[in-house]
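Combine the two chains into a complex, taking the hints into account.
Line by line, the protein sequences are chains A and B. In terms of the UniProt record's numbering, the first sequence opens at residue 1 and continues consecutively. In terms of the UniProt record's numbering, the second sequence opens at residue 1 and continues consecutively.
No wet-lab data here; the hints were simulated from the structure. One or more of the hints may lead you astray.
Said to hold, decoys possible - Derived BS3-like pairs: lysine-lysine, alpha-carbon spacing no greater than 27 Å straight-line: (1) 26/B / 80/B; (2) 84/B / 26/B; (3) 58/A / 80/B; (4) 58/A / 26/B; (5) 13/A / 26/B; (6) 62/A / 80/B; (7) 58/A / 13/A; (8) 84/B / 13/A; (9) 58/A / 69/A; (10) 58/A / 70/A; (11) 69/A / 13/A; (12) 62/A / 84/B; (13) 62/A / 13/A.
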Amino acid sequence: MKTNNLILQTATKILLFVIVLFSIYMFFAGHYEPGGGFIGGLMTSGAIVLLLIAYDIKTVSKALPFDYKKVVGVGLLFATGTAAGGLLFGKPLLTHWFTYVDLPLLGKTSLHTAVLFDIGVYLVVIGTTMTIIQTIGESE
Amino acid sequence: MFEILLYIALFLITVAMFGLIYRVIKGPTTPDRVVALDALGITLVAVIAILSIILRTNAFLDIILLIGILAFIGTVAFSKYLEKGEVIENDSNL
Numbered sequence: 001m002k003t004n005n006l007i008l009q010t011a012t013k014i015l016l017f018v019i020v021l022f023s024i025y026m027f028f029a030g031h032y033e034p035g036g037g038f039i040g041g042l043m044t045s046g047a048i049v050l051l052l053i054a055y056d057i058k059t060v061s062k063a064l065p066f067d068y069k070k071v072v073g074v075g076l077l078f079a080t081g082t083a084a085g086g087l088l089f090g091k092p093l094l095t096h097w098f099t100y101v102d103l104p105l106l107g108k109t110s111l112h113t114a115v116l117f118d119i120g121v122y123l124v125v126i127g128t129t130m131t132i133i134q135t136i137g138e139s140e
Numbered sequence: 001m002f003e004i005l006l007y008i009a010l011f012l013i014t015v016a017m018f019g020l021i022y023r024v025i026k027g028p029t030t031p032d033r034v035v036a037l038d039a040l041g042i043t044l045v046a047v048i049a050i051l052s053i054i055l056r057t058n059a060f061l062d063i064i065l066l067i068g069i070l071a072f073i074g075t076v077a078f079s080k081y082l083e084k085g086e087v088i089e090n091d092s093n094l
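Isolated chain B, as found in the complex (with noise of 0.2 Å):
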């Protein structure tokens, strides 16, 4: 019972996902595009926690904690790019 709500969940999480997809293909302007991977990021983590329970492993639960790092620096870098120009700065006191 409790295997069969963990793949509704899973198939629920993917529509998501597909759903996320559409959005950065389609999306007219490149904010929608970043805001869209940083939430398939979010749900990539949903993915890897329930295939962690599962495959009945913890293995796996580094790799959650990892992909929410990265997809915040990545987040953070495409902003940064989008405001200002360029990612790492040589001196902002300018």
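The shape of chain A in the complex, shown without the other chains (with noise of 0.2 Å):
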């Protein structure tokens, strides 16, 4: 029986940027309230996941050509580059550093290398989610 998703599909198409867009939100908004990597990439992974409700995994993985364990090895490498980092200044491992810049639009910000770490979370979290449910979803 072939059923008819055209209402969850084009809802999920106007959905996913909303969902993305609040995960990017959530990411940088963590270092002044509430928020973060964790959390960030969970959304970020949940937004995939209501792709891949919708359509399926052949779609989606043509859609998104991602390999889900390389995304948790990219964001290791980050985390461990990140605390590495510091080694170079001579200052001890996972030593942080920020500076006040003014950008073009955004006006003074503070640039932070907390993010670099926050960003090997978020990957972490996006990849050790999508690895779990893309090979239940596989298994006949």
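Put into structure tokens, the structure is as follows:
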């Protein structure tokens, strides 16, 4: 029996951008407000899960051709790279550094190397959840 | 005065949640339970909104959107399971 998923697929196309935008907001709000890499990664993988429910694994892996095990590796590389970055300047491991920069649109912004560590957490969370869900979804 | 109104609203929402929990437990069919769980999520959003007014904080406002999104994804996953027997298909164009 072939069922029609038109309403779900159209709603997904609109909601996907809202969820991904919310996850990016949660990621960048993490330093001053509730949020951070973990919940941002979970919301991004929630958006991909919604895409998986509305379509199927083949279509989604064509649209997002990532090997999620490699995403975990890149995330761990970010975290260890940030940790080792302090060693290059003669500081202890995991020393973070920040400065204030005048960006064109945003004005005076503080840029912190903790964001790079948080990107590592974000990628590891996305990679882990999507590897689990895809592996369970593919098994017959 | 406003505080009392908020507590009255919180009480009424709690009564509504007990009605929905009754439907989750009793509900003769699975779709009844799924709809009741979805509505429970929405009442939870209302509880969090009123609590954040009572506690005078805006730290919980992200959670409202979060619960809305999670309730939607959960309900869609449940309904797809009831409709097709599996949540994530391998290839829908077979």
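Here is how each hint holds up against the structure:
1. At roughly 22 Å between alpha-carbon atoms, residue 26/B and residue 80/B fall within 27 Å of each other, so this suggested pair holds.
2. With a CA separation close to 24 Å, the supplied pair residue 84/B and residue 26/B stays within the 27 Å bound.
3. At most 27 Å may separate the alpha-carbon atoms for a hinted pair to count; residue 58/A and residue 80/B meet this at roughly 17 Å.
4. This hinted pair does not check out: residue 58/A and residue 26/B have alpha carbons roughly 39 Å apart, beyond 27 Å.
5. As the CA atoms of residue 13/A and residue 26/B are separated by approximately 36 Å, the hinted pair breaks the 27 Å bound.
6. Taking the CA atoms of residue 62/A and residue 80/B, the gap is about 22 Å. The hint holds against a cut of 27 Å.
7. Taking the CA atoms of residue 58/A and residue 13/A, the gap is near 17 Å; set against the 27 Å cutoff, the hint holds.
8. Under the criterion of a C-alpha separation no larger than 27 Å, the hint pairing residue 84/B with residue 13/A is consistent with the structure, at around 21 Å.
9. Restraint check for residue 58/A and residue 69/A: satisfied, since their Cα atoms lie roughly 17 Å apart, inside the 27 Å limit.
10. The hinted pair formed by residue 58/A and residue 70/A meets the criterion: a straight-line CA distance of about 19 Å does not exceed 27 Å.
11. A distance of roughly 26 Å separates the Cα atoms of residue 69/A and residue 13/A; the hinted pair therefore holds under the 27 Å criterion.
12. Distance hint between residue 62/A and residue 84/B is fulfilled; the C-alpha atoms sit about 23 Å from each other, no more than 27 Å.
13. Restraint check for residue 62/A and residue 13/A: the C-alpha separation of about 16 Å stays at or below 27 Å, so the hint holds.
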